[in-house]
Amino acid sequence: MSAASHPAEHATATGVDNRKLLMWAFLGSDCLFFGSLVATYMIYRGRSLECPLPGNIYDIPYTSVSAFVLLMSSLTMVLALAAIQRGDHKGLRTWLVATGLLGTVFLGGQFYEFTSFVHEGLTFDKNLFGSTFFVLTGFHGAHVTVGVLILLSLFLVSLRGGLPQADSLTVELAGLYWHFVDIVWIVIFALVYLVPAPVPVDPVTHQLLECAKETVAAVAH
Amino acid sequence: MAAVTGSLAGVVPRPKTEHGFMGWLSTVDHKRIGILYGVTAFLFFLLGGTEAVVMRLQLAVPDGAVTGPHLFNQLITMHATTMVFLVVMPMSAAFFNYLVPLQIGARDVAFPRLNALSYWIFLSGGVFINLSWLIGQAPAAGWFGYANLTSKTFSPDLGVDFWLLGLLILGTSSVAASLNFIVTIVNLRAPGMTMMRMPLFTWMTLVVAFLVVFAFPVVTIGLVELGFDRFMNTNFFNPLKGGDPVLWQHLFWLFGHPEVYILILPAMGIVSEVLPTFSRKPLFGYPVVVFSGIAIGFMGWGVWAHHMFTVGMGPVANTVFTLTTMFIAVPTGVKIFNWIGTLWGGQITLPTPMLFSLGFIAMFVIGGLSGVTHAISPSDYQQQDTYYIVAHFHYVLFGGAVFGLFSGIYFYWPKIWGRLLDEGLGKWHFWLMLIGFNMTFAPMHILGMNGMPRRIYTYPAGMGWDFWNMLETVGSLVIVLSLLIFIANVFKSRSNGKLAGNDPWDGRTLEWSIPSPPPAYNYATVPVVHGRDAFWSVKYPHLDHEGHGMAAVAHAPAEAHGQGGHEEHIHMPQGSLLPLIAGVGQTMMIGGTVFGVGSPVSIIGGLLMLGAIFAWCSEPINE
Amino acid sequence: MLNCCGHYEKFCTNFSGLPEAPCEGNVLSRQSRHLPLLASLLTLLLLLTVGCSAADPQNTLGSNLGIVAKKQADLFWTVFAWATIVFVFVESLLLFTVWRFRRREGAPEPHQTHGNTRLEIGWTVVPALILITVAVPTVSLLWELAAQPAVAVDVNVIGHQWWWEFQYPNMGTTDISNPSPSWGPTCPSCLVTANELHIPQGETVEFHLTSADVIHSFWVPKLGGKLDVVPGKTQSFWLRGDEPGMFYAQCAELCGIQHANMKFRVVVDTREKFNQWVQAQRQAPRPPDASALEGKGAEVFKAPANACVGCHTVQGVSAGKLGPNLTHIGSRTTIAAGVLDNTPENLKRWIHNPDDIKPGNLMAPAVRALNLSNDDLTALAAYLTSLK
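Protein chains in written order, with the numbering used here: chain A, 1 to 221; chain B, 1 to 623; chain C, 1 to 388.
If we strip away everything but chain A, and leave its shape as in the complex, we get:
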C-alpha cells in the first residue's frame, strides 16, 4: 500500500492487481487462524470445571448492539470506497473517520465487556471458558485495532494529498481487510454468544456445576 507507488502496474496474467491477490490470499490464511481459535473454543464448550460459565456472564442484548455497530462500520467503509472511486476526497475522509470511529466504539465496547466479565470472576486462567473466550475475542480485537490504525493512516495520507483517485485500490484493500474482520465477528457472535453451550458436569460429584444450576433453572422458566 505505497502512497508513492509505481505509476503503471504491469499487466497481470489474471487481470487482478497483485496487491489485491495478495490481500485475498492473506485473508484466506487468516481464516485458518481464526478457524483454529474458534475450533478450540467449540471443543472446550461445556468442559470447564469451574464457574463462571457463558450462561452466567453473557449479556446478549449488549453484545448485539456492539455487533451492530461493527456491521454499520462495514457500510461506512463501502461508502468511503465509493467516494474515492468517484474522486470525492472529502467524502472519502468523512467516511473513513466514520468507519474508524465505529470501530473504536466497538473496541470500547469490548473493553467494557471484558472488564465487566473480569469483575464477575472470569479471567484468563479461571477455567477453559475464560482461556478460550479471551484469547479468541482478544485476537479479534487486535485485528480490529490494526484496522483502525490502517484507516487512520489512510485518512492522514489523504489529508496530505497522497491518495489520488487512481490509487483507490489502496482503500479497496483496506476495505477487504475491514469486511473480513467484520465477518469474523459475525461468526464469533453466532457460535460463541448465540449458540447455547452445553452445561458442564463436575466429574467427581457428577452434579451440575453450581453456577450452571441457575442457568438451567432460568431456561426452564
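Among the hints, erroneous ones may be present.
[As the list claims (entries may be wrong)] Calculated cross-link-like contacts (lysine-lysine; reagent style DSSO-like; alpha-carbon spacing at most 27 Å):
1) B:K539 <-> B:K498
2) C:K70 <-> C:K321
3) C:K302 <-> C:K388
4) C:K321 <-> C:K296
5) C:K302 <-> C:K348
6) C:K321 <-> B:K152
7) C:K348 <-> C:K388
8) A:K213 <-> C:K233
9) C:K233 <-> B:K152
Hints listed in this document are in silico derivations from the structure and should not be mistaken for laboratory results.
Fit chains B and C to the supplied structure of chain A, relying on the hints for placement.
Below, chains B and C alone, put in the same frame as chain A:
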C-alpha cells in the same frame, strides 16, 4: 527532497548500489535473496548435522557417557527443529526464490521487498532460537513439543519459550514468502505461459505455497495457546482445569502433516526438472504429475491423526485415518512411475545432479513403503515411537528431500555462479553420502522392530541393540566425510571451476536460455511462450511434435554476452534496508518476550518494526 | 559438462563447446543387471537379521509373543511381503531403466513421449488395488483389537515421571465379596504395586491407563502394541500373555529427562502362581526382626528426618503417595523402574545417589540432603529386601 531520499526521513539511507556488504543487506533481487537463503540454510545444515553426530556418538555404545539426558533431549529437539525449519524449508525457499521468476519469464517476484523481509525474519529467527544454546537453555521437549510436557510445570526453564517464540517468528517468514509466490506464479507469468505450460518445479512451488498459508496458521494458534498457558496461566492444555493435552497434538499435526509435504514437494519438483534434462525427453505424463502434486496437497489435510494412532482416539478415528493414509500413497506412487517413465526410452547420462535425483527416487521408495507399513495402524501400535519411525522419516526427508535438494544444487550451481562444480568430487560426495546414509538409517528399521524406543539418551547392553547402533554411528561419520567433500568442491568451483556458459546441461526450460549468472533483469525482453519445455523446442524444433516453442527475440546469441544495450530501459526495484530493519525488529519484538512481556528488547524491536513498516509504505519502489 | 564415459566417449558432444573432463569410469556398466538380485539378497539378509534377534527382550516379531503382538506381527509380515515385492519391482525397474537407456553413440534423440494414458491409469489403479487388499485385514484386526474378549483381570496403570504404578482393583482386600469400583490414589480395595506387573497366563487382562503428570506410553513389546497414558483421561486396552515368562517393557513417549529409564517388567505366571502372588502382595509385610540389621533399617526408614515415609507407602508403616509403593519391594526383580537388578548393593547405590543412576529423577533432591552413612544404607537395604 531529492538529496534526502529514503526511509525514515533520511535516518536510514536508501542504498543505490548492489555492491559490497551494503548491497547484500539491502538487496531485493530474488536471485540474491535465493543465494542468501541457500548459504544460510547450508550453515544451519552443518549445525543440525553436528547435533546429530553428537547424538550418534552418545548412542554408539550402551550406557554412553558423551552426553547426559538433558543435553540429549535438547539435541533431539534442536536437531529436528533446525533440519525442518532452518534447513529444508529455507533451502527449498532458496530454489523458489532463484528459479521461479526465471522459469516463468518474470523479472522478479511480485513483492521484492516483502521477499527480502521473509529472508531477514528467517535469519534473525534462526539466530534467536539458537541463542537458547548460549544460555544453556535450549528446548528439550522434542520438535513437536507435546503438551503437557511443555507446560511451565514440567518444562520450567526458558527452552520451550525459545522454541515456541522461534517457531512463531519463522512462521511469519514462511507465510509472507508463500503469499508472495502465490501472487508471483498466478500473476506474473510470461505471455503464453498458461498454468499447464509452467515448469513442474514452479507448479510444486505453488502447491507448497498454498499448503504453507493454510497450515501455518493452525500451528500458530497451537503455539499461541501454549504461549498463553506458559506466560498467562491459561488452561488450554492443563488437565487440572479440564484442558486436553491431546488438543495440542491435533493442532500440531493438522499443520505437521501438510508440513511434510511442504518439505518434500520442492525436492520432487527439482527431480522433475533434472530427470527430463538428462534423459533428453519430456517429463512423462506432465498433467498427471501436476495433478498428483495437487492431490497430495489436498489429501495431506486428511491424514494428520496417523501421527496419533496410539493416543487412544478410538477405532472409528483410527480406521478413517488408516484408510486416508493408505490412499495418499497412490498419487505418490504415480509420481515414481511417471519419473521412471521419463527415463524409459531416453538417452540417459549420469552427471552428479542426475545421480542425486536417481538416489532420491531409490531412497524415497523405501521411505514411502515404510510409511505404508505405518499406515497399517494395528501394526503401527508396535512401530510408533520407535526407531522404525525414525528410519521412515529420515528416508523420506534425507534420502528424499535432502538428496533432491543436492540434485538441485549441482544442477543449478552453474546457472547461479557461472561455474560448474567438479564432477569427480561430486561423484565422491554422492556415493559416500548414499552409503553413509543407508548405513545410518537402514538398521533403524531393525532396531525399531526389535523394541528400541526413540528419544532415549541411553540403553543397556543385552537388548540386542549394540551392533546396529555402532554401525549407525559409523555411518553418520561417513555422511560427515561426504559433506566435507562437498564443501571442498564448493571452494574448488568458486576458485577455478570450469566456466558453464548459458546452457551446460542442454536444458529444456527458459532459465537455460539466459547467461550464467543471469543479469539483474533476467530477461532483456520478456519471452512469449507457446508450449512446455519452451527452450528445448527452440533448440530442437524438429523434435517438437506439438509444434510449440518460444517465439522470443531476446535469446539470440549476441545478447547472451554483453547484456545488450537494454539494461538502461529496464527498471529494477531499488534495494532497501527497511526489510532488514523490519525483520530484525519483529524478531526482537516477539523473541524479546522470552525475557518477559514488555521487556526492553521487545519494545525496542516493536518500535523498529513499526517505524520500518511506516517508512516502507511511503518509500517508492525507486527513488 | 556431460558424463560421456564408457564406450561412447568419442561420440559424446558437449553443448557449451568446452573440453570434457577426463573420464572417471563407468559406474553402472555390466554390474547393473545383477542389481535386482543384489537387492533381493539384501532384503533376505535383513529378514534373517530380524529373525535372528527373536530372542531379544523387546523384539516384536519373533517368538514367544502374546496374542495381540502375534496378530500385529502377522499383519506386519503380510504388508511387509507386499512392500518387498513392490520394492524389488520398483528398484529393479529403476536400475534396469537407467542401465538399458544409457546414452549410446550416434543414437538419435529419443522419442519425445509425453505420456501414455493407459499406463498412467494402470499405475494408479494397481497400487490402489494392492492397498485395498491390504486394507481388509488391517481394518479387521483394528476392530478385533478394539473389542475386547471376556476380561479375567483388570489392572489400573498410572504413569508417573519416571515410574509405573499398578493397581489391581478388587484384589487389595481379603473380602472380595464387596468390590469397590473406584480406583486411583484413593482406591480402598486396590492392591497397589509398582514397576512390576504380574498377569495370569492365557487370560485376557484389561489395562486402564491414566497419568499423574505428563503423557507417557505403556508398551510391552512382546505382548502387544502400545497405548498412551494421558493425564486427565482414562483409556483402556487388552493384552494376553500366552507363554509364561518375564517380559521387558518401557515408556514409549518422551516424558522428560528420564524417559529412557522409565521401564517395567511384566511377569506372566500360571494361574496358580498368579494367585499365590496376589495373596502374598495382599498381606501386610512381616514385621522386621528388631535385633537384626533389617530392624535397624526399619528405624532408618521410619525416621521423620529421612523423609522416606513422606513419599512411599509400606502397608502398616507409612502412607506416602509420591513415590512407588514399597510394601513388597523385596519381591520385585528390579528397582528404579526396571533399571537395576534388585540386590542390596544396588539398593544402596540407588538410595545413596539416585542422580548417579537416573540423573534428574525426582527422588534425588530429597535424598541429597540426607547424607546417610554407609551403615544406615546397608541396614536400609536389608530392611527393604525383607519386604517380600
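Proposed proximity, K388 of chain C with K348 of chain C (alpha carbon, max 27 Å):
17 Å, holds
Hint check: K70 of chain C vs K321 of chain C, CA-CA at most 27 Å. Holds or violated?
37 Å, violated
Is the Cα-Cα distance between K321 of chain C and K296 of chain C 27 Å or less?
24 Å, holds
With a cut-off of 27 Å on the C-alpha distance, tell me whether K539 of chain B and K498 of chain B pass.
23 Å, holds
Quickly compare the C-alpha distance for K213 of chain A and K233 of chain C to 27 Å and report which way the hint goes.
25 Å, holds
Are the Cα positions of K233 of chain C and K152 of chain B separated by 27 Å at most?
20 Å, holds
Given the hinted pair K302 of chain C and K388 of chain C, is their Cα-Cα distance within 27 Å?
Between K302 of chain C and K388 of chain C the Cα gap is close to 18 Å, so the pair holds against 27 Å.
Holds or violated: K302 of chain C and K348 of chain C, Cα atoms, limit 27 Å.
Satisfied, since the Cα-Cα distance of roughly 17 Å is no more than 27 Å.
Is K321 of chain C within 27 Å of K152 of chain B, Cα to Cα?
It holds: about 23 Å lies between the C-alpha atoms, which stays within 27 Å.
Against the hints set out earlier in the document, a violation occurs for number 2 only.
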